[in-house]
Amino acid sequence: MRLIIFFVLLFALCNSVHALSMNVEGNYVNEKVKVMLDEEAFIIFRMNYGTPIFAEGSTACFIPRVTGELYIEAIAGNERINKTISITKRQGGGSSGTDYTLPDGTFTVIADGKEFQVNWRTALGALEKASQILGFSYTVEEKSWGLYVKCIKGKCEKSDGETSGWMYWVNYPSDEMPGVSADEYEIEEGDKVIWYFSRSMDDTPDSSPYKIKITVSTGFAVGVESSWNSKRSSTTSSYTSTSPTYEKFSKSVLLSPGTERRIEISKGIAEKIDVISITLKSSKSKKILLEVYEDLPVSIPGKIYRCFSIDLSDSEIEGVIEFRVSKKWLNSLSPNQVLLIKYTDSGYIELPTELVEEDGEYYYYKSELKSFSTFAIIVKWRGFPLNTTDGRILRALEWLRTIQNDDGGFSNPDEESDIAKTSWAVMALAAAGENPNDWTKNNTSPIDYIRNNLKESIGRMGTADYARTILALKAVNENPRNFSGINLVDMLKSRIKENGQIGDFIYTTIWGIMALKACDEDVNKSVEWLKQQQNEDGGFAWTVGEKSDYDDTAAAIQALIAAGEPGDSEVIKKALDYLKTGQNEDGGFRYFGSSASNAASDSWVIQALVAAGENPTEWKKNNVSVVEHLLSLQTEEGFFNYTSYQTSNPGYMTVCAIMALLGKPHPVKAEEFLNLSFEDSIRSTENGITRLISSTPESPEQNLSLVTPTTQEKLIHETLELHSKPETFISMSKILAVSLLLATTILTYLWRRRK
Numbered sequence: 001m002r003l004i005i006f007f008v009l010l011f012a013l014c015n016s017v018h019a020l021s022m023n024v025e026g027n028y029v030n031e032k033v034k035v036m037l038d039e040e041a042f043i044i045f046r047m048n049y050g051t052p053i054f055a056e057g058s059t060a061c062f063i064p065r066v067t068g069e070l071y072i073e074a075i076a077g078n079e080r081i082n083k084t085i086s087i088t089k090r091q092g093g094g095s096s097g098t099d100y101t102l103p104d105g106t107f108t109v110i111a112d113g114k115e116f117q118v119n120w121r122t123a124l125g126a127l128e129k130a131s132q133i134l135g136f137s138y139t140v141e142e143k144s145w146g147l148y149v150k151c152i153k154g155k156c157e158k159s160d161g162e163t164s165g166w167m168y169w170v171n172y173p174s175d176e177m178p179g180v181s182a183d184e185y186e187i188e189e190g191d192k193v194i195w196y197f198s199r200s201m202d203d204t205p206d207s208s209p210y211k212i213k214i215t216v217s218t219g220f221a222v223g224v225e226s227s228w229n230s231k232r233s234s235t236t237s238s239y240t241s242t243s244p245t246y247e248k249f250s251k252s253v254l255l256s257p258g259t260e261r262r263i264e265i266s267k268g269i270a271e272k273i274d275v276i277s278i279t280l281k282s283s284k285s286k287k288i289l290l291e292v293y294e295d296l297p298v299s300i301p302g303k304i305y306r307c308f309s310i311d312l313s314d315s316e317i318e319g320v321i322e323f324r325v326s327k328k329w330l331n332s333l334s335p336n337q338v339l340l341i342k343y344t345d346s347g348y349i350e351l352p353t354e355l356v357e358e359d360g361e362y363y364y365y366k367s368e369l370k371s372f373s374t375f376a377i378i379v380k381w382r383g384f385p386l387n388t389t390d391g392r393i394l395r396a397l398e399w400l401r402t403i404q405n406d407d408g409g410f411s412n413p414d415e416e417s418d419i420a421k422t423s424w425a426v427m428a429l430a431a432a433g434e435n436p437n438d439w440t441k442n443n444t445s446p447i448d449y450i451r452n453n454l455k456e457s458i459g460r461m462g463t464a465d466y467a468r469t470i471l472a473l474k475a476v477n478e479n480p481r482n483f484s485g486i487n488l489v490d491m492l493k494s495r496i497k498e499n500g501q502i503g504d505f506i507y508t509t510i511w512g513i514m515a516l517k518a519c520d521e522d523v524n525k526s527v528e529w530l531k532q533q534q535n536e537d538g539g540f541a542w543t544v545g546e547k548s549d550y551d552d553t554a555a556a557i558q559a560l561i562a563a564g565e566p567g568d569s570e571v572i573k574k575a576l577d578y579l580k581t582g583q584n585e586d587g588g589f590r591y592f593g594s595s596a597s598n599a600a601s602d603s604w605v606i607q608a609l610v611a612a613g614e615n616p617t618e619w620k621k622n623n624v625s626v627v628e629h630l631l632s633l634q635t636e637e638g639f640f641n642y643t644s645y646q647t648s649n650p651g652y653m654t655v656c657a658i659m660a661l662l663g664k665p666h667p668v669k670a671e672e673f674l675n676l677s678f679e680d681s682i683r684s685t686e687n688g689i690t691r692l693i694s695s696t697p698e699s700p701e702q703n704l705s706l707v708t709p710t711t712q713e714k715l716i717h718e719t720l721e722l723h724s725k726p727e728t729f730i731s732m733s734k735i736l737a738v739s740l741l742l743a744t745t746i747l748t749y750l751w752r753r754r755k
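Letter 500 of the sequence shown, counting from 1, is numbered 500 in my numbering, and no numbers are missing.
Be careful, since some hints might not be right.
Simulated crosslink set (PhoX-like; lysine-lysine; CA at most 25 Å straight-line) [what the hints assert, rightly or not]:
id : residue 1 : residue 2
1  : K328      : K303
2  : K155      : K192
3  : K251      : K284
4  : K155      : K284
5  : K303      : K284
6  : K328      : K251
7  : K89       : K251
8  : K525      : K580
9  : K251      : K303
10 : K248      : K158
11 : K380      : K620
12 : K621      : K380
13 : K621      : K158
14 : K192      : K303
15 : K158      : K286
16 : K284      : K328
17 : K303      : K574
18 : K620      : K158
19 : K547      : K573
Quick caveat, the hints were computed from the structure, so don't treat them as lab data.
Use the sequences and the hints to build the structure in full.
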């Protein structure tokens, strides 16, 4: 009997350790590479880490056309296996007589009936070699500045618009685009040349559907990959947008009532997330499944160390988590600033975090958990964001109450309410932890004002108006799909074009993405369109074809990150680099050109930096940060001036500053004020404003001596949509002098678009 039990256990053990296995045969150009698996699987081929090719089954074949590295991955259920093999040319010629190297010397190109001798080891020589390897043709024209490639594989200039045509880029994106013709650019070993068809000046090698990638390795050996899709295939899109799959720690745990069960995390997972153990306790006997795994970080006002998720099969469990933080990572930061936060649907909650001990390599912490979700270990930024108890925030809120009108809506002093101005105020109140429903005049709140006036105003509203109103409603947990009987989400979605653009401009797309993402709508196509509009300088403009500006770039960063773009992606890095060029000598930011620093631009940049995980107090000029400059524009009454010498549009400036100084990028989330304190914080109400009482001291007021900014301004584009945007905080009757015309036009633009 014991022998039978032994064999049964042995059989079970053998079956439990089964793993997906892969055998590969072949590694030559133009010959089959055969993949054999021991079970059915999903198979991915990627030649030189280019476009993926997919197959299914236990056997699959792939014929490489170029030399280089072939990456093969198989996925069956939760099992994955991959191999990388080197594809070479068979010695003795093989099935092709083509030479796969760039020789020394020259070759002949015919352009406009004339012969030109071109060096092989140039960008044009690389294209010539690629044409021989893949068997395509191209045509060249002579220009005053050199030879110009007009057509490749029958795809010619101006076929997708007057500005469309072929371009090349060497070592994209790390190196700058070459500034010489392809016959003049000398190639070196290790270079990667991309020829791509640019449909507009905004297209990059990433966004172009037509491209030829040429890799030049040691000995000038050449590998070639061609991607030729007039429409990006859903297969490729699905592959590239797939979220990473993280290794999980899983354990079945039996809990007894009133007792604690400590579970140590496996070494492999612990090394990735620095969580040592989780102690669970329950009031009842339960058997649960615990899963712990690394997760993607989400924007937070602090420096993120680790992000992870803890999943339990039962929600009525409490526990204690023990984790560590590397001293090397902390560097000069204080270990007392380390904090565990828990992400929620409305933002995040700071959890009480106790420093327990230290050794030579780590600080060790523990934190009590009332529930389980996604967590992050962070170091809070010093002096930012401001707390809702900060005197400057309270003064701004108190002043904001003075401009609430009798109808419940908001405007600048002595102006009439409208939905746009009121929506801005609602978002600022929500960011500050205030409930806009409690802010009433004549028993009418700002939410009541929007409800009472939406039907009458809807016919005059444009794309950005729909988006802004949706964001305001989402900030207070109202339903934009049925508000006052109107489905604002469907109205906004009706403005989405075939290419993903929302409305007629870049800025309308930015706001459309934020609003639709806040409503859990699919915005992937619009995000791709927006990324393609990034200018060469890294910035974004208000519309296609215009120069970049700092406000729209800051808004684009917020929209992209809200839609899931990683904060360290190339598009965000380039946008942040562009933003740095907009900081004036006084520490503040300008809107465009050499205009003066202003409160609105400061606010937009601060919000973008928070979204991207950058500490805005570290963005300084002449030792003055953008946060300090924004604070210097606040008046004793509480509102914020437009510039250091001009008071205009104080309502808009103040609501922008409130959101920025509290570290709340768009979209502002409902009841996010809960994140600003621990659960044992005390609240009191004074002058109708809820105040959060905490032990955190208020940071000192900033008194700055500012450099006098320049007065150069420019006329703004917003007249293009003037008929549909009755939403300015500016009273045009106040314009008394021509000298203020330009600046006032900018402010009109800010309220109509803004945003």
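Cross-check of the supplied hints:
1. K328 - K303: This hinted pair holds, its Cα atoms lying about 14 Å apart.
2. K155 - K192: 22 Å, holds
3. K251 - K284: 19 Å, holds
4. K155 - K284: 70 Å, violated
5. K303 - K284: 38 Å, violated
6. K328 - K251: 31 Å, violated
7. K89 - K251: Violated - the C-alpha atoms of K251 and K89 are around 49 Å apart, more than 25 Å.
8. K525 - K580: At roughly 28 Å apart (the allowed maximum being 25 Å), K580 and K525 break the hint.
9. K251 - K303: 31 Å, violated
10. K248 - K158: At roughly 51 Å apart (the allowed maximum being 25 Å), K158 and K248 break the hint.
11. K380 - K620: At roughly 19 Å apart (the allowed maximum being 25 Å), K620 and K380 satisfy the hint.
12. K621 - K380: 23 Å, holds
13. K621 - K158: Measuring from Cα to Cα gives roughly 44 Å; hence the hint is violated.
14. K192 - K303: Status violated; Cα separation ~35 Å.
15. K158 - K286: 68 Å, violated
16. K284 - K328: Since the Cα atoms of K284 and K328 sit roughly 42 Å apart, the hinted pair is violated (cutoff 25 Å).
17. K303 - K574: The given pair, whose Cα atoms are some 20 Å apart, holds under the 25 Å limit.
18. K620 - K158: 45 Å, violated
19. K547 - K573: 18 Å, holds
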